[in-house]
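2 protein chains.
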Amino acid sequence: MFGRGSFNQLGDILEPKRLNTKAPFIFYVDEVFKGNAWLTSRIPLSYNDKVIYVSSDQEPKTSQIDALVEEIILTQKEMPSGIIGIGGGCLLDIAKAVSIMLTNEGKSEDYQGWDLVKKPAIYHLGVPTISGTGAEVSRTTILTGPERKLGINSDYTPFDQVILDPELTANVPKDQWFYTGMDCYVHCIESLNGTYLNAFSKSYGEKAFELCKEIFLSDTLSKEESQDKLMMASWHGGMSIAYSQVGVAHAMSYGLGYLLGTKHGIGNCIVFDHLEEYYPDGVALFKQMKEKHDIQLPQGICANLSDDEFDIMIDVALSLEPLWENAIGKNWKKTITREKLKSLYQKM
Amino acid sequence: MFGRGSFNQLGDILEPKRLNTKAPFIFYVDEVFKGNAWLTSRIPLSYNDKVIYVSSDQEPKTSQIDALVEEIILTQKEMPSGIIGIGGGCLLDIAKAVSIMLTNEGKSEDYQGWDLVKKPAIYHLGVPTISGTGAEVSRTTILTGPERKLGINSDYTPFDQVILDPELTANVPKDQWFYTGMDCYVHCIESLNGTYLNAFSKSYGEKAFELCKEIFLSDTLSKEESQDKLMMASWHGGMSIAYSQVGVAHAMSYGLGYLLGTKHGIGNCIVFDHLEEYYPDGVALFKQMKEKHDIQLPQGICANLSDDEFDIMIDVALSLEPLWENAIGKNWKKTITREKLKSLYQKM
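First to last, the sequence lines map onto chains A and B.
Quick note: the first sequence uses our numbering, first residue 1, plus one each step.
Quick note: the second sequence uses our numbering, first residue 1, plus one each step.
Any given hint might turn out to be false.
What the hints assert, rightly or not - Per label pair, the in silico range of CB-to-CB distance:
no.	chain 1	residue 1	chain 2	residue 2	range
1	A	S222	B	K34	53 to 61 Å
2	A	G329	B	S222	15 to 23 Å
3	A	I312	B	N171	52 to 60 Å
4	B	T220	A	D281	14 to 22 Å
5	B	H293	A	G106	51 to 59 Å
6	A	N304	B	T220	50 to 58 Å
7	B	M79	A	R42	35 to 43 Å
8	B	K347	A	P280	50 to 58 Å
9	A	S222	B	E70	53 to 61 Å
10	A	N20	B	K17	42 to 50 Å
11	A	T195	B	T220	54 to 62 Å
12	A	S222	B	S222	35 to 43 Å
13	A	D281	B	S222	18 to 26 Å
14	B	E70	A	G106	23 to 31 Å
If you're looking for bench data, these hints aren't it; they were derived computationally from the structure.
Where is the CB? At the ideal position from N, CA and C, for every residue including glycine.
Here chain A stands alone, though its shape is the one from the complex (with noise of 0.2 Å):
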């Protein structure tokens, strides 16, 4: 469902899923609306329903997901008729990954993987409130566990029914709102750079480049058409990543995430900087965009750490072996050496 105001329609959407009285909705809200009556006041809640706020300053953790998921466990009586995720990537991960942990055995970490996942999860729907990320579409969600970064890919993880409503990404920072969309635009770079492209996945990354072109670099657009066409970029990023696969800045990026808690988006951005050797035109735009915003990245943030720390991220970067196949081609190995991570990590 797509629109301006559409968020309004929640309650019609959730009402006919309702299993009974007693299976409520858990709707994950992202913890900057708390006290936001213009958002919050919109959620449909009736008999048990429950919203429960969460935090987006760090990304999500295979022990939060399984807490979350015994809390509903503890605290309902029956399953839930639903999980509802609103927010930015973080708050639609939770969503996905704890609607596949109810009815699927075991600790999150244990489905970190690619198509680990046995039963289809319950009834899940994504409210995006920032565009970029892709997770609205995307068949995975990713969380940091005990031993890696790494997503819960499935065919069960996407979410049942999606609300693309612009409006609610108006107030993102303008920062946050970089940091989003480039997550978006170096989906592009790499979907259509990688070795796994194909006619779906060029037709849907070729469509959010073009967009993204537009959003970052031109100065035609109204605020609204803007928020508009960054959503719908978006959307059509991450359904270009569905069918092939992200690269080296997703790569590198993980391996912050993992050691530093570096977050996805400024920390594509941080890596993507110095990736010329791979993707030249793209980094190039890139760096056009990042100017014209007058965005300044953090720098220096692996300046002090140690060969052990140096090795994590290499260890979490180079365990992404369909990342880097992706990008380099079958024989990526042979380039892609510890020693060369190491390098570029210490530009960052």
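Following the hints, position chain B against chain A.
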């Protein structure tokens, strides 16, 4: 699912969807594939599964759907596990309509319109073997009923799963390739020039439009690239109208289809060729495409019609109010008069 050879995965996709050994999968397959072992040998049949060949010489009728549903009810002990359509828009629409009518009471003509379907359809999967209609992704199934040609438009109409295997379109005859491809092109023009347009439909419509230009006007694509891209253009064009509407060409083409049985693709072309007044740029490009591929459209198909016959076509066309509102705006009745439509039909 997208990709050359992906049709081979049909069995893997269906297996977990089988309800029990008495609940068959029913495969509706275009009659042109009868005896074509390359395709039919890959249809996975077990237990009571059934292949039913259906001609697409005529577009689907409500009476045909009702008969197909009755046949299933009379011959099967249990509700099918799923309905699979393999073919062009006709076969895909038949699969969608039968899957709806197996769970909804009454006749299919009762559901022609918007959002009249009350109960979810049974599982249905579509495999297009020609590209352009958008039937693989749309929320409608176009049927000719006793009173009108109109779709069953509902949230339950879209397929649960689609297999996009461009290889299956390799043997489409050239004229049919053009007419059906132009269905997609006309979708884009009508969506992008409509008053219902939003950022969702625009982004999809623009991409489909670009792909159509590349496919039908450039000389740079290989046969395979062209097939791949047309399959994606059809998809994006369908997505574009899923959230907007079609316009003048479709409304008038439905009139031709209802009275003369003119098939949808060629009917759109015959109408669109005369719509300079409404879509000047789109029609100019269409004429270029027609010339480049040496397509001779039938002329004078309305030459010998009686006034009563014109009235029938005009009634069908005018009944499609959302199409006119999208094309012309809320005040469309001021300019779209019976005389106007008659003068247009007389040119065809």
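Results of checking the hints against the structure:
A beta carbon spacing of about 56 Å between A:S222 and B:K34 agrees with the range 53 to 61 Å that was offered as a hint. A C-beta distance of roughly 22 Å is found between A:G329 and B:S222, which places it inside the suggested range of 15 to 23 Å. Taking 52 to 60 Å as the suggested C-beta distance range, the pair A:I312 and B:N171 conforms, at roughly 55 Å. Here the CB-CB span from B:T220 to A:D281 is close to 20 Å, well matched to the stated 14 to 22 Å.
Range check, B:H293 to A:G106: about 58 Å between beta-carbon atoms, so the 51 to 59 Å window is met. Evaluation of the 50 to 58 Å hint for A:N304 and B:T220 yields a pass: the beta carbon distance comes to about 52 Å. For the pair B:M79 and A:R42, the supplied restraint of 35 to 43 Å holds, since their beta-carbon distance comes to about 39 Å. For B:K347 and A:P280, the Cβ-Cβ distance of about 54 Å falls inside the hinted range of 50 to 58 Å, so the restraint holds.
Taking 53 to 61 Å as the suggested C-beta distance range, the pair A:S222 and B:E70 conforms, at roughly 55 Å. A:N20 and B:K17 have their C-beta atoms about 26 Å apart, which leaves the hinted 42 to 50 Å range violated. The given range of 54 to 62 Å is broken by A:T195 and B:T220, whose C-beta atoms sit roughly 22 Å from each other. In this structure the supplied range 35 to 43 Å holds for A:S222 paired with B:S222, their Cβ-Cβ distance being about 41 Å.
The hint said 18 to 26 Å for the Cβ distance between A:D281 and B:S222, and at roughly 24 Å that hint holds. Judged by the Cβ atoms, the range 23 to 31 Å given for B:E70 and A:G106 is violated: they are separated by roughly 48 Å.
When each numbered hint is compared with the structure, violations occur for hints 10, 11, 14.
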